[in-house]
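S.K.: Letter by letter, the chains look like this.
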Amino acid sequence: MKIAIPANGSSSESGVCNAFGRAPYFMIHDTETNKTVYLENEATRSPDGAGVRASQSLVNANIDVVLTPRCGGNVLRVLDAAKVKIYKTEGESLKDNILAYKDGKLSVLDEIQAGLHGRRS
Amino acid sequence: MGADRKPTIAVLSGKGGAGKTFVSVNLAAAAGRSYYLDCDIEEPNGHLFLKPESIESEDVTVLVPKINLEQCDACGLCVDFCRFNALAHIGSHLLIFEEICHSCGGCVLVCPSEALTEKDKVVGRIEKGRAGDVIVITGILNIGEVSGVPLIEKIQDVERNDGLTIIDCPPGTACSVLESITYSDYCLIVAEPTLFGLHNFQMVLELVSLLKKPFGVVINKFTKETNPLEDFCMKEQIPIMARIPHDLKLAKTISTGRLVIDQEKAYLSLFKKLLADILGELN
Chain A
1 MKIAIPANGS SSESGVCNAF GRAPYFMIHD TETNKTVYLE NEATRSPDGA
51 GVRASQSLVN ANIDVVLTPR CGGNVLRVLD AAKVKIYKTE GESLKDNILA
101 YKDGKLSVLD EIQAGLHGRR S
Chain B
1 MGADRKPTIA VLSGKGGAGK TFVSVNLAAA AGRSYYLDCD IEEPNGHLFL
51 KPESIESEDV TVLVPKINLE QCDACGLCVD FCRFNALAHI GSHLLIFEEI
101 CHSCGGCVLV CPSEALTEKD KVVGRIEKGR AGDVIVITGI LNIGEVSGVP
151 LIEKIQDVER NDGLTIIDCP PGTACSVLES ITYSDYCLIV AEPTLFGLHN
201 FQMVLELVSL LKKPFGVVIN KFTKETNPLE DFCMKEQIPI MARIPHDLKL
251 AKTISTGRLV IDQEKAYLSL FKKLLADILG ELN
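Residue numbers (my numbering), protein chains in the order written: chain A, 1 to 121; chain B, 1 to 283.
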């Protein structure tokens with residue numbers, strides 16, 4: 001199973017990014033191989049629709065679970081369509097959130113950020 | 001400007017509340033036969049003062065893509081093409097985000113299997129009415145719409161043949177303002193005589209200079225104290241077309257939705273002179 005978290009940088013110390021669509025990187029952790037990689041988020045260069053683009057990249061990377069402090073309605077629509085589950089992060093540590101998810105301590109993200117496009121699903 | 005067309009004057013300012021609508025409606029009414037175009041489509045309020053009658057309303061639409069999933073082979077070309085990311089594909093399912101779409105039609109063109117077509121989406125409406133000699137055209141953007149540019153384009157397409165045009169612009173310097181002044185012959189910038197007013201004025205100045213439009217300034221809420229806006233205009237040799245005093249009577253007239261030129265002869269003269277001076281600058 002592959003887990004993605006928006007990250008401020010490309011190392012485990014960089015911390016969880018508060019933005020989703022325009023997070024500089026996504027940390028991707030594979031629970032089967034126990035390997036972690038950092039995917040540069042090309043959506044940061046998008047003039048518009050960064051959430052859609054970022055979610056599309058994660059779907060293309062076969063992500064199963066997303067851990068994020070928040071996300072907008074468009075992100076939810078893409079991830080929902082791809083049956084990706086979304087959980088709410090706790091604290092800033094990337095590693096701790098992966099562990100918390102594995103231990104079943106994170107809750108499902110149920111509040112949607114009204115972003116630029118203001119849609120609540 | 002063609003020989004048979006009267007000039008278009010755009011009234012703009014760097015911030016809301018500077019007095020764009022106040023100047024626009026009084027200028028249009030002072031002009032006699034004229035067109036007042038309210039391009040401040042997120043909160044059009046010129047009609048409150050001009051009180052147009054016999055209003056005709058027309059919906060304004062933009063084109064957005066429509067998918068026929070049976071024909072879509074999920075190649076992803078449309079998703080890659082859209083620089084605004086208005087499309088996403090999940091397996092064989094295509095998602096369309098209409099509010100992100102800029103109506104370029106590119107996705108329809110690149111689709112190799114003709115699965116995408118276009119459909120109309122209503123984004124707002126234009127109301128056209130008459131207030132005495134002034135034809136009042138008001139753009140109203142639907143709540144939740146992100147871009148007013150298509151609506152402002154349509155407002156300016158309304159046929160005009162007899163009389164000059166006053167455009168009441170949105171505040172600031174965003175795309176909607178650019179669209180509102182692109183086809184104007186003259187830009188009248190309304191600004192307040194404060195440091196904040198000067199800062200906002202300079203933003204607009206940059207925009208009108210970029211478009212090489214002839215322009216002048218109306219100082220609104222003017223007092224006799226020295227002010228940074230006037231100092232700046234003097235130094236840069238920017239024409240100050242009018243100074244409208246910080247006058248309680250004006251505030252009272254505006255708060256009851258009346259035109260100041262109907263109430264005070266001095267203001268009728270001020271706006272008539274302002275108009276004549278602008279037309280003088282254009283000739």
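Bear in mind the hints are in silico, worked out from the structure with no lab data behind them. Every value quoted in this text rests on a predicted model; they were computed, and no experiment measured them. Backbone N, C-alpha and C fix where the C-beta goes; we use that ideal spot for every residue, glycine too. Each hint should be verified, as a subset may be incorrect.
[To be verified] A short list of chain A residues far from chain B (calculated; beta carbon distances all over 10 Å):
hint	residue
1	ASN8
2	SER10
3	SER12
4	GLY104
5	SER107
6	ASP110
[Stated by the list, open to error] To give an idea of the chain B side of the interface with chain A (calculated C-beta under 7 Å), a few residues:
hint	residue
7	PHE84
8	ALA86
9	ILE90
10	HIS93
11	LEU95
12	ILE100
13	SER103
14	CYS104
15	GLY105
S.K.: The structure should be examined with respect to each hint, and the outcome stated for every one.
M.R.: Against the structure, the hints come out as follows:
{"no.": "1", "hint": "ASN8", "result": "holds, 22 Å"}
{"no.": "2", "hint": "SER10", "result": "holds, 23 Å"}
{"no.": "3", "hint": "SER12", "result": "holds, 29 Å"}
{"no.": "4", "hint": "GLY104", "result": "holds, 27 Å"}
{"no.": "5", "hint": "SER107", "result": "holds, 25 Å"}
{"no.": "6", "hint": "ASP110", "result": "holds, 21 Å"}
{"no.": "7", "hint": "PHE84", "result": "holds, 4 Å"}
{"no.": "8", "hint": "ALA86", "result": "holds, 6 Å"}
{"no.": "9", "hint": "ILE90", "result": "holds, 4 Å"}
{"no.": "10", "hint": "HIS93", "result": "holds, 6 Å"}
{"no.": "11", "hint": "LEU95", "result": "holds, 6 Å"}
{"no.": "12", "hint": "ILE100", "result": "holds, 4 Å"}
{"no.": "13", "hint": "SER103", "result": "violated, 13 Å"}
{"no.": "14", "hint": "CYS104", "result": "violated, 12 Å"}
{"no.": "15", "hint": "GLY105", "result": "violated, 17 Å"}
Hints 13, 14 and 15 from the earlier list are contradicted by this structure; the remaining hints agree with it.
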